[in-house]
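Asker: If you want the building blocks of each chain, they are given just below.
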Amino acid sequence: MLEHHVIILLMIAGAIVAMELEDMLSSVIALGAVGIGLTLEFLLLRAPDLAITQLVVEILSLIILIRATVGVKLPPEKVKGRIGYFLFAVVFVVAFLVFSYRALGALPAFGSPIMKMGSLYVKEALAKTGAANIVSAVILDFRGYDTLGEATILFTSVIGVLAIVRKVGRKP
Amino acid sequence: MRQESGMTLIVKRITRITVSLIFLFGVYIMLHGHLTPGGGFAGGVIIALSFIHLVLAFGKKAALKRISETTISAFESIGGVFFWSIALGGLLFSGVYFLNFLPKGEAFSLFSAGTIVFCNIAIFLKVGAGLFAIFVALAFLRMPDEKEEGGKAA
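Protein sequence lines correspond, in order, to chains A and B. Under our numbering, the first residue of the first sequence is numbered 1, with each subsequent residue one higher. Under our numbering, the first residue of the second sequence is numbered 1, with each subsequent residue one higher.
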């Protein structure tokens with residue numbers, strides 16, 4: 001468990017650094033540290049499929065973010081210390097912690113196999129689909145409908161990006 | 001003159017060697033998605049990364065001359081329609097949406113797992129083309145050479 005805690009602490013530190021830095025490029029690089037930590041965490045939890053996908057997506061988003069933020073100087077935004085914002089933040093954080101404490105307390109212990117559907121998938125995936133990689137068997141056969149929705153989300157996001165940054169109608 | 005399109009000669013030379021290897025690795029990850037970790041999504045992202053590699057090294061014009069934006073969107077649409085038609089094929093041939101209607105074959109061999117291979121190929125086309133389109137749209141928002149073709153409506 002120690003390595004999980006170390007990696008998670010590093011990820012939290014990277015996220016805080018990314019929030020606090022004023023240089024955009026440094027923030028993007030600190031965000032990359034968070035992604036690499038997540039990849040290592042997936043690898044330690046023995047999910048190589050997720051680790052591969054997370055790593056390549058992280059590289060892609062890092063390239064896009066660097067390419068899109070290089071040379072961009074956002075003026076540092078100073079929020080005046082209003083008491084209302086502070087109180088709202090405190091109330092929100094306290095409520096979040098209370099609810100997550102109760103919700104996490106109701107969960108089963110870390111890594112204990114209790115899943116009914118999951119054990120069914122594990123037992124019957126090879127016989128029913130013939131795929132040796134059980135992750136592929138689940139996402140493309142048992143849960144193919146979910147994957148269709150995911151593909152639709154990607155399609156919609158591409159349409160949205162192309163609609164926002166299209167050349168027609170943009171002033172130089 | 002040379003600096004205007006892409007990076008230096010060293011980067012271009014290395015890119016010529018590595019980009020096809022990255023492309024092949026993406027295809028490998030995709031085709032073995034039902035046997036080893038990976039699959040259509042990871043393979044598609046790797047393919048998109050290989051094209052992004054090409055664009056970053058050689059500049060927008062030289063890279064997009066080979067593969068135009070129309071081709072990219074055509075590939076993405078083909079991937080989406082292919083995936084959906086696999087789902088419809090399950091409905092058509094065996095009455096259940098998304099049923100694995102092809103013969104399963106021998107386990108642990110390359111030609112096994114019925115429709116999963118074709119689903120991987122469809123997802124691969126879709127993700128690769130879609131992410132590359134997003135990159136081209138987002139990353140070249142303020143390229144200096146964009147002004148030259150600014151009058152041409154896309």
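Since the hints were made in silico from the structure, they are not lab data. One or more hints might be untrue.
Derived BS3-like pairs: lysine-lysine, alpha-carbon spacing no greater than 30 angstroms straight-line [said to hold, decoys possible]:
id : chain 1 : residue 1 : chain 2 : residue 2
1  : B       : K104      : A       : K128
2  : B       : K104      : A       : K116
3  : A       : K128      : A       : K116
4  : B       : K65       : A       : K123
5  : B       : K12       : B       : K61
6  : B       : K60       : B       : K104
7  : B       : K65       : B       : K12
Some chain A residues flagged as far from chain B (calculated, every beta-carbon gap over 10 angstroms) [unchecked claim]:
id : residue
8  : E22
9  : M24
10 : G32
11 : L154
Just so we're clear, the structure is a prediction, and the values are computed from it rather than from any experiment. Every residue, glycine too, gets a C-beta built ideally from N, C-alpha and C.
Asker: Please write out, lowest number first, the hints stated earlier that are contradicted by the structure.
Answerer: Going through the list in order, the structure violates hints 4, 6, 11 and respects the others.
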